[in-house]
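Visitor: Those protein sequences? They're chains A and B, same order as listed.
To convert, note that position 266 of the first sequence is 266 in my numbering; the numbers rise steadily by one, no gaps.
To convert, note that position 225 of the second sequence is 225 in my numbering; the numbers rise steadily by one, no gaps.
Keep in mind that the hints were calculated from the coordinates and are not lab data.
Predicted, not measured: the structure shown is a model, and the values here were computed from it.
Glycine included, each C-beta is placed from N, C-alpha and C at the ideal position.
There's no promise every hint is true.
Here are the computed distance ranges between Cβ atoms for each label pair [said to hold, decoys possible]:
no., chain 1, residue 1, chain 2, residue 2, range
1, A, Gly83, B, Val262, 55 to 63 angstroms
2, B, Ala11, A, Gly83, 51 to 59 angstroms
3, A, Asp19, B, Val262, 46 to 54 angstroms
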Amino acid sequence: MTAPLLEVEDLRVTFGTDDGDVRAVQGLSFTVSEGETLAVVGESGSGKTVAALAIMRLLPRYARIEGSIRFRGTSLLDLDDDGMRGLQGDDLAMVFQDPMTALNPVITVGDQIVEAIRTHRDVTEAAARDRAAELLDLVGIPEPRRRLDSYPHEFSGGMRQRAMIAMAISNDPKLLIADEPTTALDVTVQAQVMEVIRRVQEATGTAVMLVTHDLGLVAGTADRIQVMYGGRLFESGDTDTVFYGSRNPYTLGLMASIPSAVGRTAHRLEPIPGSPPSLINLPEGCVFGPRCAFATDACRSEPELRVVDAATGHATRCHRADELPALIAARAAPREAGA
Amino acid sequence: MLAYAVRRVLATVPLLVLGTFIVYVLVAVSGDPLAKLATCNTCDQSAFDRIIDLYDLDKPIPERYANWIVNAVQGDFGPAVSYGSLDAGALVLERAANSARIAIPAFLIIMAIAVALGVYSAVNQYSRLDYAVTGLSFLGISLPTFVFALLLQTIMIWMLDGFGWRPFYVTGMRTIELDGFLDMIRSHVLPVITLVLVLTASESRFQRAAMLEVINSDYIRTARAKGVPHRRVILRHGLRNALIPMVTIWALDFAALLGGSVVTETIFAWPGLGPLFISAVTQLDLNLTMAIVMLTSLLVITFNLIADLAYGWLDPRIRYE
Ligand SMILES: Nc1ncnc2c1ncn2[C@@H]1O[C@H](COP(=O)(O)OP(=O)(O)O)[C@@H](O)[C@H]1O
Ligand SMILES: [Mg+2]
Chain A
1 MTAPLLEVED LRVTFGTDDG DVRAVQGLSF TVSEGETLAV VGESGSGKTV
51 AALAIMRLLP RYARIEGSIR FRGTSLLDLD DDGMRGLQGD DLAMVFQDPM
101 TALNPVITVG DQIVEAIRTH RDVTEAAARD RAAELLDLVG IPEPRRRLDS
151 YPHEFSGGMR QRAMIAMAIS NDPKLLIADE PTTALDVTVQ AQVMEVIRRV
201 QEATGTAVML VTHDLGLVAG TADRIQVMYG GRLFESGDTD TVFYGSRNPY
251 TLGLMASIPS AVGRTAHRLE PIPGSPPSLI NLPEGCVFGP RCAFATDACR
301 SEPELRVVDA ATGHATRCHR ADELPALIAA RAAPREAGA
Chain B
1 MLAYAVRRVL ATVPLLVLGT FIVYVLVAVS GDPLAKLATC NTCDQSAFDR
51 IIDLYDLDKP IPERYANWIV NAVQGDFGPA VSYGSLDAGA LVLERAANSA
101 RIAIPAFLII MAIAVALGVY SAVNQYSRLD YAVTGLSFLG ISLPTFVFAL
151 LLQTIMIWML DGFGWRPFYV TGMRTIELDG FLDMIRSHVL PVITLVLVLT
201 ASESRFQRAA MLEVINSDYI RTARAKGVPH RRVILRHGLR NALIPMVTIW
251 ALDFAALLGG SVVTETIFAW PGLGPLFISA VTQLDLNLTM AIVMLTSLLV
301 ITFNLIADLA YGWLDPRIRY E
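Just chain A, with the same shape it has in the complex (with noise of 0.2 angstroms):
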């Protein structure tokens, strides 16, 4: 078996504050394989976006990042910034979650895709262009050659995201990061945007990590998915896995709060009560604890993430996790018998 395109060990980031240090990732291992889609799920604050920051070196310099990041063999923790930025935008990429800001106003779309292109590739500035053209066109832009010269601010939010991701995959990444590329979208322009990113990893046959909060978003995308919680990976397995045959709480919560989940819990709707902890002071023990309908005084202590099936590769993190299908079934019995 070949060594996977990006394996995370033990990734720790934490950010001083005057508050105290804030744990936005504590011990987060997985691996990326080529050409997969992983998507990587957990509600706002989980500490998705710091640890996909952390993958692409973009945490500002007081971030203290440990445990180690490894990319095609590099490890990136270990680069020199030229030496990282020679990934950065080519082997690597990332789209960003508020396409409203994240394209420069004052350059024209057209110019910074060429200057991405550029960066990373010795061709003439026509070339370039031609190029620019065509990945708009691939992203669904129609007339993508008048469109390269448009402004950011001409562009809808559902165009400018298309323009990013075009500009993501201009140098053909390994990897695409998309973190939340279509929170900030109106309901109806999200589904496109995830053809978008589905016809791109066709056609370019790049690995991608999905980041959203929305279990929904991902069941007809992803290869596999990791749920994220308080910095600490909760669960991961396959899709199918995990949607049909989850081992924990957090996972069940989320898909309970999905309004079209195809999970077991599918039948009521319902958000995971209470909030996720400060990453400051977080709780002793199982840090979804005082959230957790089936928390016992096992949770005091913090369970580690295990292995429930060696052949899928499921995991979870659960002191409970053999019980709960029992657990659930017994919850669900009652109500369907009144019902």
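Knowing the structure of chain A, use the given hints to seat chain B with the ligands on it.
Guide: Frame of chain A; chain B with the ligands shown alone:
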């Protein structure tokens, strides 16, 4: 764009009329030119008549103003009685040129230093140089102009005492035509430095704030994510955006500099608009005061217009409809 500029210029006309009218009324009611003559023993009735006739003092103020503005738009600002009845318009233009001799180099230096310092401090926020710049800026902002001017003069006098020689003149204006290139430079340096010291502080603070806002914005992160080299991120993506809010500040500061700096020009005995304005006001020279007011108003209006047009050039989001 041209249509916009023309419309803007036309829109300034009522503004100028209103502005000059207010100043005219204020000056007209603030002192009586005849009262000054009353203390003059050698002046006879004809002197009084001349002043009354000159300023239409026997007519109501609105009518006086109307007469003044009709002549003014034809370029006739009347005689400046406190300056040997020289033509007020010509006098003001001559003095304005003298003010510009120090205002233009000072302004270019201020812009260059302020942009460089502001950008550097913002990019290296909380570095030692940032703290140093911050400290010096507050010193520059809080110290009054005369402190700098007198300090520079004192240094020159020390040098004169100590070495029998000083590099720069402490008073007066020398020109290339009358005194040669070297003396021209030697007389311009100190007033220029004073203006630079006074304004660089505040300008670099504004530039730093503008740049800080920009470098924490999403599109800067996008540029980094593309692998764009640091310098290019700062200059092409950062500075380009951080200059937009500076345009208005530059326009107003430059207009103010061109309009003459009272303290600096007075201390260095510079024949600019600043001292001229003070003397015109204290001598109740209505024509001269009004000519200066007209010029400084025009400067402010013109530079505001230039700033607005520059906005459109720097920021594609702005359209002139
Ligand atoms: N630059 C920063 N300085 C301090 N704290 C930060 C910074 N960036 C993120 N955080 C904190 O890290 C935590 C995780 O944030 P984030 O990764 O953005 O969450 P998510 O993307 O999952 O919504 C949050 O509590 C956030 O306040
Ligand atoms: Mg986020």
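Visitor: Decide, hint by hint, whether the structure agrees.
Guide: Do the hints match the structure? See the list:
no. : hint                                        : in the structure
1   : Gly83(A) with Val262(B): 55 to 63 angstroms : holds, 57 angstroms
2   : Ala11(B) with Gly83(A): 51 to 59 angstroms  : holds, 56 angstroms
3   : Asp19(A) with Val262(B): 46 to 54 angstroms : holds, 50 angstroms
No hint from the list above goes unmet by this structure.
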